[in-house]
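**Q** For the sequence shown, our numbering assigns the number 164 to the initial residue and increments by one for each residue that follows.
Simulated from the structure, these hints should not be mistaken for lab results. Computed from a predicted model, the values in this text were never measured in an experiment. Yeah, the Cβ is synthetic: ideal placement off N, Cα and C, and Gly gets one too.
Quick list of simulated restraints, FRET-style, between CB atoms:
#, residue 1, residue 2, range
1, Ser370, Tyr252, 39 to 47 Å
2, Lys239, Ser370, 51 to 59 Å
3, Ile577, Lys386, 45 to 53 Å
4, Cys165, Glu504, 52 to 60 Å
5, Ile577, Gly518, 31 to 39 Å
6, Leu330, Lys239, 45 to 53 Å
Simulated pairs of lysine-lysine, DSS-like, Cα-Cα distance not exceeding 27 Å:
#, residue 1, residue 2
7, Lys350, Lys379
8, Lys243, Lys227
9, Lys393, Lys379
10, Lys379, Lys392
11, Lys242, Lys168
12, Lys392, Lys307
13, Lys364, Lys542
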Amino acid sequence: MCSPKVGLQTGDVDLFVRKWFECSTENLCLNNVIMKEKSVWFPYNNGGEFRKWYGNNDEVVNWKDDGIYVINHINKAGKKGARPQNRDYYFRNGATWSAISSSSFSVRLFPKGFLFSNAGMAIFAERAVLYYIVGFLNSKLAQKYLGFFNEGLNYNQGDISKLPIILSEKYISDTIDLVANSEVISKMDWNAFESSWEFTKHPFIDSSNLKNAFEKWKRECEKRFCQLKKNEEEINRIFIDIYGLQNELGPEVEDKDITIYQADLQKDIKSFISYAVGCMFGRYSLNVEGLIYAGGEWDDGKYGDFVPDKDNVIPISDEEYFEDDILGLFVEFVKMVYGKETLEDNLAFIASALGNKGNTSREIIRNYFLKDFYKDHLKTYQKRPIYWLYDSGKNDGFKALVYMHRYTEDTTGIVVLIICIKCKKFI
164 MCSPKVGLQT
174 GDVDLFVRKW
184 FECSTENLCL
194 NNVIMKEKSV
204 WFPYNNGGEF
214 RKWYGNNDEV
224 VNWKDDGIYV
234 INHINKAGKK
244 GARPQNRDYY
254 FRNGATWSAI
264 SSSSFSVRLF
274 PKGFLFSNAG
284 MAIFAERAVL
294 YYIVGFLNSK
304 LAQKYLGFFN
314 EGLNYNQGDI
324 SKLPIILSEK
334 YISDTIDLVA
344 NSEVISKMDW
354 NAFESSWEFT
364 KHPFIDSSNL
374 KNAFEKWKRE
384 CEKRFCQLKK
394 NEEEINRIFI
404 DIYGLQNELG
414 PEVEDKDITI
424 YQADLQKDIK
434 SFISYAVGCM
444 FGRYSLNVEG
454 LIYAGGEWDD
464 GKYGDFVPDK
474 DNVIPISDEE
484 YFEDDILGLF
494 VEFVKMVYGK
504 ETLEDNLAFI
514 ASALGNKGNT
524 SREIIRNYFL
534 KDFYKDHLKT
544 YQKRPIYWLY
554 DSGKNDGFKA
564 LVYMHRYTED
574 TTGIVVLIIC
584 IKCKKFI
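Given these sequences and hints, build the entire structure.
**A** Here is the structure:
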């Protein structure tokens, strides 16, 4: 029905592959169709963690001018290191998997606009066949058969080609519907977080207060999780019936193998704080959905009443020394989103979820910014931070955040000036 394809091996991942959020939007082409004249970076299936149906869309590859720089690059050995295989399949929609996995085999659908690698190989077919095959590949049967071919967790092109796929006319329509619904659920889950380039806004924004927002989010996550688990078990039933393996396998799927998010109060409050910081820097806006600024032209008209920090330097200190101190900006953000009447309740809810040291809600939140925010930011952005930290040392005398996409030659001078202002207060 279709054969797995190996794609582009760049020969120099450090030079030619990035996380999408490292790049300026001026040079990114993420919209599947329109290639801008300045486009350098394109979506790249390159493996990733165990995840089914949709996701792991966070890497981009330099394919400027049809890959001329990658193809002609000379490596340290004096040779061309790139291997751009199966170029006729670049930018087509298909399905991909991680060649090396720390867990079970998993396949994800992807839209037009992607390239793919040897670590994120791909299959291509017309929609009905593709969705049916993806259903089979994400079933317990595929995992069972792969265990016969390969005792490890390295799923290569040959292993996938050996899988015995039976196309059942009886079940093809049901399978396609289940896979399509699973893709929709997984896409909603993936795009709910700012690590996705299709992220629009934090799910807590459209509620009367934070407690209600979290409860609503928790219900949504649980609903998605239960539906996806139901889908996967039905897909297993279908293929167990097709292959006549009722005595060998059961359809049940363990919760740990459902690869979408379940609500976690502390993690979700931290993601809300991260979104607030994004609004402080102008990356996001309370007035317009989606990524607002990551390079290119700045537009004041997109921000409304919550105006981003003007100088792109937000101090983090153990006490309130500055008007644009990060705690002050955060409190203003919460007030703007939920209103003055519920401000203290919302701050208390945040502080309780964080669990940092402090005698008041504001002290607890300040200590989170001072001690833990940047650690969490590094985790979220996989050690490739978009906010850079100026840090005076282990005694927390002075810290400040700047947004990389707004960094200029004057930024460090502004940070030094702010330090001088702080020092004068002690003279």
